[in-house]
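Participant: Given next are the chains, with one letter for each unit.
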Amino acid sequence: MQFFFHNKSNRVWLVLIIGLMLFNIWNIVVNTPMVPDQHWAQKIFYVHVPSAWVGFLSYFIVMVAGIMYFIKGDEHWDKVGLAAAEIGTLFISLVLITGPIWATPIWGQPWIWEPRLTTTLILFLIYIGYFMMRAFGGHAERVKRYAASLGIIAFVDVPIIFVSVKFWAPEIQSHPQVEMTSQPPGILIPFLLSLGIFTVLYRLMLKYRIHVIQVNYKRVADV
Amino acid sequence: MYNFWGYFLAVYLIVFGAIVGWFIIQFRMENRYLNDNRYTQSE
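Top to bottom, those sequences are chains A and B.
Quick note: the first sequence, position 48, residue 48 per our numbering, numbers continuous.
Just so we're on the same page, our numbering is the position in the second sequence counted from 1, plus 1000.
Isolated chain A, as found in the complex (with noise of 0.2 Å):
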């Protein structure tokens, strides 16, 4: 097997993601409004929302990769699960350390148990259950079907994570009820832009994950 930066178009990828990204960086410190009372703190929400997407469409290919594992019994779809969940898991995590980081100017304290805050962190706690299995759960094969299955099941939180802001009770929520379609083109123009941007980079990224864990996988099959 080769690099995978070895193939020519991996590497114009990376180099126009780079590009995009630096644009982005530029946009959003130079082009977008400074919201009275938050000022600095509210251009965190162009990274914020962005990586709580990454992670939710990580956490939904995880869920596709296990139905095609069951369905199809291709060890392939594993390997897309795992990359897809480690990804996943890495952008949940930039979520629940920015979003504390914005809330500690704003609400005043880093942390508030209400219910997106909360269904957030227990998405996250399931995927850290589900890094434990796959490395403690016994036979691999078994692990494999546990982690598939596991995938599927985690996934029912991510809608109730959307519906929180609305589901419960508004005395106890604590979460800016934004409505995006409302927002002027300043806002909510750079914020698609860093949306579409940050998906293709997630692309890329599970592309070369998958390609290490196979690397991996056939480093393991011939020793």
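Calculated from the structure, these hints are not laboratory results.
Some clues are possibly wrong.
[What the hints assert, rightly or not] Here are the simulated distance ranges between beta carbons:
#1 B/TRP1005 / A/ALA140: 44 to 54 Å
#2 B/TRP1005 / A/ILE18: 16 to 26 Å
#3 B/VAL1020 / A/HIS6: 14 to 24 Å
#4 A/ILE71 / B/TRP1005: 49 to 59 Å
#5 A/HIS6 / B/TRP1005: 34 to 44 Å
#6 B/ASN1003 / A/GLY73: 23 to 33 Å
Cβ coordinates follow ideal geometry from the N, Cα and C atoms, glycine included.
Assemble the complex: chain A is given as a structure, and chain B must be docked to it using the hints.
Facilitator: Quick look at chain B alone, frame taken from chain A:
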């Protein structure tokens, strides 16, 4: 009064630092795995 700029900077350094760090880790892992493979196959 909070230093909003400091919070903004911290978030961007953490997010992009983590992403760049992730790529470096993958590159090093890939390098090690492929070199291991070549070594075992040449024996």
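Participant: Hints first: check each against the structure and report whether it holds.
Facilitator: Now for the hints, and whether the structure bears them out:
| no. | hint | result |
| --- | --- | --- |
| 1 | B/TRP1005 / A/ALA140: 44 to 54 Å | holds (50 Å) |
| 2 | B/TRP1005 / A/ILE18: 16 to 26 Å | holds (25 Å) |
| 3 | B/VAL1020 / A/HIS6: 14 to 24 Å | holds (21 Å) |
| 4 | A/ILE71 / B/TRP1005: 49 to 59 Å | holds (51 Å) |
| 5 | A/HIS6 / B/TRP1005: 34 to 44 Å | holds (41 Å) |
| 6 | B/ASN1003 / A/GLY73: 23 to 33 Å | violated (55 Å) |
Going through the hint list in order, the structure does not satisfy hint 6, though it satisfies all others.
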